[in-house]
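Using the sequences plus the hints, can you model the full thing?
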Amino acid sequence: MPNAILESVKDFNTITIFRHVFADMDAIGSQFGLKYYLESAYPDKKIYCLGSNCPVSQRNNVTMDEVDDDVVASSLAIVLDTSNAARIDDERYKFAKKSIRIDHHVQVETICDEEWIDDKASATCELLALYLQENKVNIPVESALMLYLGLTADNIRFTTNNVRPATFDAAKYLFEQGVDVTKVEQLNFSKSIEDYRYETVVRNHTILNNKFLYSILECEDYEEYGLNFTDAKDKVYCLAGIDCVEMWALFTRMEDRIHYSASLRSRNIPIRDVAMEFGGGGHECASGIKNLTRDQVDQIIEILSNREVA
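If you count by full-length UniProt numbering, then the sequence shown holds residues 1 to 310, one letter each, in order.
It should be emphasised that the hints constitute simulated quantities derived from the structure, not laboratory data.
Keep in mind that a hint or two might mislead.
[To be verified] Calculated pairs, PhoX-like style, for lysine-lysine (alpha carbon to alpha carbon, straight line, at most 20 angstroms):
id, residue 1, residue 2
1, Lys10, Lys45
2, Lys46, Lys98
3, Lys10, Lys97
4, Lys46, Lys97
Next up, the structure:
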C-alpha cells in the first residue's frame with residue numbers, strides 16, 4: 001500500500017477532494033468517505049469536497065463545498081476515481097500546492113504529482129477501505145457508509161468481473177466499522193416509480209444484433225418521467241443479465257439535445273478500445289463516451305454488432 005501518498009495529508013492544513021464529472025456513487029462515496037475520515041482524524045484541518053452538486057449527491061444528502069481559488073492554491077488536492085484530466089469536475093485541482101490521485105481505472109495519462117492506480121480494484125472506495133484497514137484505522141460510521149455505498153454500487157453487489165478476494169476484505173472492514181447493509185441496499189438500489197417505469201422504456205427500445213443489445217433514448221423519453229440526463233444514462237444496467245447477450249449499450253441524448261452519451265458493457269469481451277477510439281474510456285468491460293454524434297453512435301453499433309464472440 002502506498003502509505004506515502006496519504007501521509008502527505010499531515011503536511012497540509014487544507015485538503016481539497018476532487019472527482020469526475022457526472023458523478024456516480026463510487027465518486028461521491030470515495031469523496032465523502034475520505035472527507036469524513038479526515039475530519040475525524042485531523043479535526044484542525046479544513047477538508048473540502050469540490051465539484052458540482054448532482055443527483056447522486058442529492059440522493060445521499062451531501063452537499064458539495066464552495067471555496068475560492070486561494071483556498072485551492074494553498075491545499076493538497078486529492079483526485080479520486082478519475083481516469084483522465086478532462087473528466088475532473090473542477091479544473092482548479094491543477095493549481096493546488098500538491099496533488100495526488102487515487103483511482104481504479106486503466107491509467108491513460110499522469111494527472112497529479114503522485115498517483116496510486118490499481119486497475120484490478122472494483123472501485124476507488126475499495127482502495128481507500130483497504131488502505132484504512134491496513135493501517136488499522138477505526139473510522140466514523142458515516143465514512144464507512146459512504147465507502148460501502150460506493151463499493152457495492154460500482155461492482156453491482158459484487159457481481160462485476162473485477163471483484164477479487166481483496167474486495168471482500170474491504171467490505172468486511174467497512175462492515176466491522178458499523179455499516180448498516182440494509183440501509184446501503186435501500187440507498188443504492190431502491191427506486192422511484194418514475195425510475196421503474198423509465199426502465200421499462202429502456203427495455204422496450206432494445207435492438208439485438210448478434211450478441212449485442214442496445215437502446216437509443218432521446219431527451220423526451222426520460223423527461224416524460226421527470227428524469228434528468230445523469231439519471232437516465234445510468235440505466236444501462238437494465239440491459240444486463242440476458243442469456244444470449246454478451247455486450248450491451250445505452251445511448252442517451254445529452255442535455256444539449258444534440259449529442260449522445262454511450263454506456264458500454266460486456267460480460268467478458270473487451271470494449272474499452274471502442275470507447276477510446278471515440279474519445280471515451282473506462283474499464284475493459286465497462287466504459288463510457290460523451291458528446292457523440294448520431295453518425296458515431298451508428299458506427300459504434302456497427303463495430304460491436306460485428307465484434308467476434310468466442
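Structure-based check of each hint:
Straight-line distance between C-alpha atoms of Lys10 and Lys45 comes to about 9 angstroms, which keeps the hinted pair within the 20 angstroms bound. Using a Cα cut-off of 20 angstroms, the hinted pair Lys46 and Lys98 holds, with the two alpha carbons roughly 15 angstroms apart. In summary, the hint linking Lys10 to Lys97 is supported, as the alpha carbons are separated by about 14 angstroms, within the 20 angstroms threshold. A C-alpha spacing of about 15 angstroms is found between Lys46 and Lys97, which places the hinted pair at or below 20 angstroms, so the restraint holds.
When each numbered hint is compared with the structure, no violation occurs for any of them.
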